[in-house]
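Q: Residue-level listing of the chains:
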Amino acid sequence: MVFGVILAGGIGSRMGNVEKPKQFLMIGEKPILIHTIEKFYMHDAFEKLIVLCPRQWMEHTKNLVKKYFKEKADHVKVLEGGTSRNETIMNSIDYIEKEYGLDDDTIIVTHDSVRPFLTYRIIEENIKYAREYGACDTVIPATDTIVDSQDGKVISSVPDRAKMYQGQTPQSFGARKLKELYHSLTEEEKKILTDAAKIFVIKGEKVHLVEGEVFNIKITYPYDMRVAESLIQEQKEKK
Amino acid sequence: MLNSVYRLVAPRRFEVSFQDIDLTKDQVVVRPTHLSICHADQRYYQGVRPAEVLAQKLPMALIHEGIGDVIYDPSGTFQAGDTVIMIPNTPVEEDEVIAENYLRSSKFRASGFDGFMQEHVALPYDRAVRLPEGIDKVIASFTELVSVSVHALLRFDRIAHKRRDAVGIWGDGNLGYITAILFKAMFPETKLYIFGVSLEKLSSFTFADATYPVMDIPKGLLVDHGIECVGGDASQKAINQIIDHIQPEGTMAILGVSEYPVPINTRMILEKGLRMFGSSRSGRADFEKTVALYQSNPEIISYLSNIVGAQIQVRNIKDMVHAFETDIQKSMGKTIMIWDK
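Protein sequence lines correspond, in order, to chains Z and L. Using this note's numbering, you'd call the opening residue of the first sequence number 1 and step up by one each time. Using this note's numbering, you'd call the opening residue of the second sequence number 1001 and step up by one each time.
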């Protein structure tokens, strides 16, 4: 079984003075979160879509899902997120385990709720590679040179850009394996995790690359909202 | 749902933009899988349409020949996974007399609005025709072009008088080849002659009863009716040659598109009492008839496979440009984009 896990746990601290977390802001005519859920909703591989958000936004999220998905809202389960990204993912796995059981074929496709521009192909290839390899991560080749600085003052090294990629989402995993690996980490190891793919990497497991898209942007700063708005263009009327 | 649309914004330049597909609307959502490039797309891509036309139509997604897989249909008309042929003509009214493809109000993909170069295409239910299993998807991708020939031949059958001992098709390109294949399937008793410029191209019309280079047509050779599949600058020569080699009261079907007005020998049209009719595009009934012909005459698919040129995997804008540039280089055949967006 395949589950869509949409991470909407952010509280928008990087967005400046906004009233709502960024996933609830509108682009075009819908909240960003709804655009993102719709992309998953269109894919018939998913048994269920799980949306995880901060407790104080759960009712709002449920209302949005009801409003936009109407009688099909049952396909989307809203859960409370955890204290970190990976704790949030663990909450989704606990839910799946309780409701459906976990086996080696249980796949989760985890995705940032604030990346509404992902494509059907990216989702499809995530499912495919997670099934084949156990874990995969969506990336694009780095365009900026990445600079490594150990002290934040001077450059320690400049890695070869041709071997550098920028991580996007989705990241997809065999759920049982992810859970096992996560719980085998020490607290120190957990502290340095920025995402779930790293859990596999730390433990020496292979994570396959999925080709992302440059436009699969993460809406993080007010500037990104402007970019997102400008990407949505209805066609001009032709004679 | 946010849908990525790959629009031509200027000659030779595609850009992505996004459009929201309303999932509550009565429409079927199709994911294109095979898209076929047409001359009309090339005219936009290369920027050879008049400047005012380009200014008015661009940015616009190209391609009006294609098939795809249904991924979402709230009405249940189609199942997810069904392969369908997408119909580019999109009528907005019904008319008892005038066919949907001639209604001036109808819109056409990659001409009046976005074509099929999209991640998903949202279509009214009647703009998708199920493709039966077992039909080669690469060939099925240019069914629209085939249906235009079928449409013209169905009209020809209604309009032309019944003496059909010999019919000539002028044009040895894709359109001429396809029309000839369909003509043989629909009118097997009629002798079919092909008139073209290239001996090499004419040699592929093995199913025709005879082929003639246009610079060397035997004197006194006459056909009951003529079908023009030339278009462009050579339209004038082709149409006037048909007028010369057609029997009195014959019918001329014009299928080739010309950017400019064409001077023709009207005196001889009058003297011979000729009929001339034009055909353009096709409607749902023509697509259905084409699919039925694929099934009843499997040799059609086999002949059509001869004009499949390059098949190009498309995953990004660079691949799109590569497909269009490859298509320019070819002398004949269809370029198919295996669409993986």
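It is worth saying that the hints were derived from the structure and are not from the lab. A quick note: this is a predicted structure, and the numbers were derived from the prediction, not measured. Wrong hints could be hidden among the right ones.
Straight-line Cα separation of at most 35 Å, DSBU-like style, residue types lysine-lysine; simulated pairs [what the hints assert, rightly or not]:
hint: 1; chain 1: L; residue 1: Lys1025; chain 2: L; residue 2: Lys1107
hint: 2; chain 1: Z; residue 1: Lys67; chain 2: L; residue 2: Lys1107
hint: 3; chain 1: Z; residue 1: Lys163; chain 2: Z; residue 2: Lys218
hint: 4; chain 1: L; residue 1: Lys1318; chain 2: Z; residue 2: Lys30
hint: 5; chain 1: L; residue 1: Lys1025; chain 2: Z; residue 2: Lys62
Every beta carbon over 12 Å from chain L, so not counted as near; a handful from chain Z, in silico [unchecked claim]:
hint: 6; residue: Lys20
hint: 7; residue: Lys30
hint: 8; residue: Lys62
hint: 9; residue: Tyr95
hint: 10; residue: Arg131
In this text, a Cβ means the ideal position worked out from N, Cα and C, and glycines have one as well.
Q: Against this structure, judge whether each hint is valid.
A: Hint check:
Between L/Lys1025 and L/Lys1107 the CA atoms are separated by roughly 19 Å; this keeps the pair inside 35 Å, and the hint holds. The straight-line distance between the Cα atoms of Z/Lys67 and L/Lys1107 is roughly 33 Å, inside the 35 Å bound, and the hint therefore holds. Of the pairs offered as hints, the one joining Z/Lys163 and Z/Lys218 holds, with about 22 Å between alpha carbons and a cut-off of 35 Å not exceeded. Straight-line distance between C-alpha atoms of L/Lys1318 and Z/Lys30 comes to about 31 Å, which keeps the hinted pair within the 35 Å bound.
Annotation: proposed proximity of L/Lys1025 to Z/Lys62 holds, straight-line Cα distance about 22 Å (limit 35 Å). Every CB of chain L is more than 12 Å from the CB of Z/Lys20 (nearest about 19 Å), matching its label as outside the interface. With 12 Å as the threshold on Cβ separation, the claim that Z/Lys30 sits away from chain L is violated: the shortest Cβ distance comes to roughly 7 Å. Listed as a non-interface residue, Z/Lys62 keeps its Cβ farther than 12 Å from every Cβ of chain L; the least gap is roughly 19 Å.
At the 12 Å boundary, the C-beta of Z/Tyr95 stays outside the reach of chain L, the nearest C-beta of that chain being 25 Å off. The claim that Z/Arg131 lies off the interface holds: its Cβ sits roughly 18 Å from the closest Cβ of chain L, which is beyond the 12 Å cut-off.
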